[in-house]
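Heads up: the protein sequence lines correspond to chains A and B, in order. Just remember that my numbering sits 24 ahead of the position in the first sequence, which is counted from 1. Just remember that my numbering sits 43 ahead of the position in the second sequence, which is counted from 1.
No lab work stands behind these hints: they were computed from the structure. Be aware that one or more of the hints could be misleading.
Claimed, not checked - A short list of chain B residues far from chain A (calculated; beta carbon distances all over 12 Å): (1) Gly152; (2) Arg167; (3) Cys232; (4) Ser283; (5) Gly286.
As the list claims (entries may be wrong) - Capping the alpha-carbon separation at 20 Å, the derived lysine to any residue pairs in SDA-like fashion look like this: (6) Lys184(B) to Met223(A); (7) Lys119(B) to Glu201(A); (8) Lys119(B) to Pro210(A); (9) Lys186(A) to Asn153(A); (10) Lys184(B) to Pro224(A); (11) Lys184(B) to Val293(A); (12) Lys184(B) to Ala292(A); (13) Lys119(B) to Asp187(B); (14) Lys119(B) to Arg209(A); (15) Lys119(B) to Leu214(A); (16) Lys119(B) to Met211(A); (17) Lys184(B) to Pro220(A).
Claimed, not checked - Between beta-carbon pairs, the in silico distance windows are: (18) Glu33(A) to Val280(B): 50 to 56 Å; (19) Pro210(A) to His171(B): 25 to 31 Å; (20) Asn239(B) to Pro210(A): 30 to 36 Å.
Remember, it's a predicted structure, so these values are computed and weren't measured experimentally. All residues carry an ideal CB built from backbone N, CA and C; glycine is no exception.
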Amino acid sequence: MPLLQINNEPVWRQREPARQRLVWLGWFLGVCLFLFCARIVSDNTIWEFMTDAHIQAASLIGRMVPPDWSITASLLLPLWDTVNIATVGTALGVLISFPLAFLAAANTSPHPSLRAFALTVIVSSRSINALIWAILLVTIVGPGLLAGMVAIALRSIGFLGKLLYEAIEEIDTGPVEAIRATGARPMQELAWGVLPQIMPAFAGITVYRWDINIRESTVLGLVGAGGIGLQMNAAINNLAWGQVATVFVLIFATVILSEWVSARIRHAVI
Amino acid sequence: MLTLKGLTKRYDTGDLALRDVDLQVPAGQVLALIGPSGAGKSTLIRCINRLVEPSAGTVTLDGRELSTLRGSDLRKARRQIGMIFQNYALVERLSVMENVLSGRLAYTGFWRSYFRRFPADDVRQAVHLLERVGLESMLDKRGDALSGGQKQRVGIARALMQNPKLLLVDEPTASLDPKTSRQIMRLICELCREQNLAAIINIHDVALARQFADRVVGLREGAVVYDGAPEGLSPEVLTSIYGEEDWNAAQRVEDDAAGDEAARDVDRALMDGHP
Numbered sequence: 025m026p027l028l029q030i031n032n033e034p035v036w037r038q039r040e041p042a043r044q045r046l047v048w049l050g051w052f053l054g055v056c057l058f059l060f061c062a063r064i065v066s067d068n069t070i071w072e073f074m075t076d077a078h079i080q081a082a083s084l085i086g087r088m089v090p091p092d093w094s095i096t097a098s099l100l101l102p103l104w105d106t107v108n109i110a111t112v113g114t115a116l117g118v119l120i121s122f123p124l125a126f127l128a129a130a131n132t133s134p135h136p137s138l139r140a141f142a143l144t145v146i147v148s149s150r151s152i153n154a155l156i157w158a159i160l161l162v163t164i165v166g167p168g169l170l171a172g173m174v175a176i177a178l179r180s181i182g183f184l185g186k187l188l189y190e191a192i193e194e195i196d197t198g199p200v201e202a203i204r205a206t207g208a209r210p211m212q213e214l215a216w217g218v219l220p221q222i223m224p225a226f227a228g229i230t231v232y233r234w235d236i237n238i239r240e241s242t243v244l245g246l247v248g249a250g251g252i253g254l255q256m257n258a259a260i261n262n263l264a265w266g267q268v269a270t271v272f273v274l275i276f277a278t279v280i281l282s283e284w285v286s287a288r289i290r291h292a293v294i
Numbered sequence: 044m045l046t047l048k049g050l051t052k053r054y055d056t057g058d059l060a061l062r063d064v065d066l067q068v069p070a071g072q073v074l075a076l077i078g079p080s081g082a083g084k085s086t087l088i089r090c091i092n093r094l095v096e097p098s099a100g101t102v103t104l105d106g107r108e109l110s111t112l113r114g115s116d117l118r119k120a121r122r123q124i125g126m127i128f129q130n131y132a133l134v135e136r137l138s139v140m141e142n143v144l145s146g147r148l149a150y151t152g153f154w155r156s157y158f159r160r161f162p163a164d165d166v167r168q169a170v171h172l173l174e175r176v177g178l179e180s181m182l183d184k185r186g187d188a189l190s191g192g193q194k195q196r197v198g199i200a201r202a203l204m205q206n207p208k209l210l211l212v213d214e215p216t217a218s219l220d221p222k223t224s225r226q227i228m229r230l231i232c233e234l235c236r237e238q239n240l241a242a243i244i245n246i247h248d249v250a251l252a253r254q255f256a257d258r259v260v261g262l263r264e265g266a267v268v269y270d271g272a273p274e275g276l277s278p279e280v281l282t283s284i285y286g287e288e289d290w291n292a293a294q295r296v297e298d299d300a301a302g303d304e305a306a307r308d309v310d311r312a313l314m315d316g317h318p
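When you get a sec, could you build the whole thing from the sequences and use the hints?
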């Protein structure tokens, strides 16, 4: 009852006084925890290195500028590979996660055991980073583009599957009920009642994941799974910071381009 | 034609929504089902086409028992029963034509329906129905581009696409303004008479029930408390359905509102040059 009488005036508070004190106590404990953690971090940091950190940073940037444009031509093919890894990986991920999402959504799943199976696949896919998937796959299928594509696909299944099944669970049940009332088959209920409702979410989620995958696939080369990451790694190992800068610039340009493409696609579909 | 015997529904929560309802609806009769919110009107019509499973009792349509049907038999029974919804329940991202044709899904194979390859007869009927409900120019519009009254017209056309024997109509006017409400009720009733369809119309607007129905059934706490002609809705009967209220005063206000409505219709018709 947050409505109180103070000096015969009605006073309304959001919470009861005891509850409000608990909320303040919670904040206080949170701040204490933060300070305590900061102390631990501080104790484990060698502050001597930090004293010249700004000089080191300036020196690193100095070695990167100007970028070594002479290697640009040799980077274009790996860059194209990177985009292909992201695109094919996303497509594979969509192919697998689309039916999986219908099995995982509570309102479309045909059986609880299938739902549990689908949710398990989605969670396991999500719990492993694309780079880790790539390390595993390079040892399984060997280095190259294929390992990268499959790694991206495996990581995407969880992401796409989760967001898609949540979209399916949030649909308006009215139209589905109406389709059912016409005597339609269960598959027709999905195709006519559910699918049109999730199409905007489906397109948005897919394009968003493709966007993320472009960024993720730039590092897959570090572990030999194809793409521009291999060249970046080589340049870093050779301390050729001018070349590293060129790779950065190209990745940056690609990401900007993918942002633009995905914004256009999203706009067209929704 | 439609016979309900001892129809009872108890929800999992323990609420008894329908108690032992007996009802017979002959072909071509427009029946208004009135009653306060929560009286079980929606549950009753949903038990007929099994969107809700009845707990006990039987539903018989043209001598066929519906409450035990499963799978494709249930779907065949459902396609004889058209349904119209309070919130229209259109698939808003599909076009008007797609929404109307969705009434033929039970007659169409999955892949044919997926690629929108409907037989010429269905397309002809859809165009004809859209003309009948006055939306022939809206054929390609998306569902979400329509007004409430237009959406309900599409909902009516979708239900009639099934070539049903029975229409279940759930609060068709609850989201519409008074004028559109009357137009929609008039349209539904005209179509029922043209095609000799039976209809059960849930409605909480007593004036509309009086104006359009052949027969009124009053439901209170899941049980039938009135079954008779619309003229028989005396203040005492309304009290037995809805509880104590000054029904005479309410009636006067309603009559005045209806009078104003009629006067406005005439004014508009004159101004448009269509007296």
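Cross-check of the supplied hints:
1. Gly152: violated (9 Å)
2. Arg167: Nearest chain A Cβ is 19 Å from Arg167(B), so the label holds.
3. Cys232: holds (21 Å)
4. Ser283: Ser283(B) is indeed farther than 12 Å from all Cβ atoms of chain A, at 32 Å.
5. Gly286: The claim holds: Gly286(B) sits with its nearest Cβ about 30 Å from chain A, beyond 12 Å.
6. Lys184(B) to Met223(A): Cα-Cα ~18 Å, so holds.
7. Lys119(B) to Glu201(A): Holds. Lys119(B) to Glu201(A) sits at ~16 Å (cutoff 20 Å).
8. Lys119(B) to Pro210(A): holds (13 Å)
9. Lys186(A) to Asn153(A): Answer holds: Lys186(A) to Asn153(A) is near 16 Å, not above 20 Å.
10. Lys184(B) to Pro224(A): holds (18 Å)
11. Lys184(B) to Val293(A): With Cα atoms ~16 Å apart, Lys184(B) and Val293(A) stay inside 20 Å; holds.
12. Lys184(B) to Ala292(A): holds (17 Å)
13. Lys119(B) to Asp187(B): violated (30 Å)
14. Lys119(B) to Arg209(A): holds (10 Å)
15. Lys119(B) to Leu214(A): holds (18 Å)
16. Lys119(B) to Met211(A): holds (16 Å)
17. Lys184(B) to Pro220(A): holds (15 Å)
18. Glu33(A) to Val280(B): 50 to 56 Å: Distance hint for Glu33(A), Val280(B) holds at roughly 51 Å.
19. Pro210(A) to His171(B): 25 to 31 Å: holds (30 Å)
20. Asn239(B) to Pro210(A): 30 to 36 Å: holds (32 Å)
The structure shown violates the earlier hints numbered 1 and 13.
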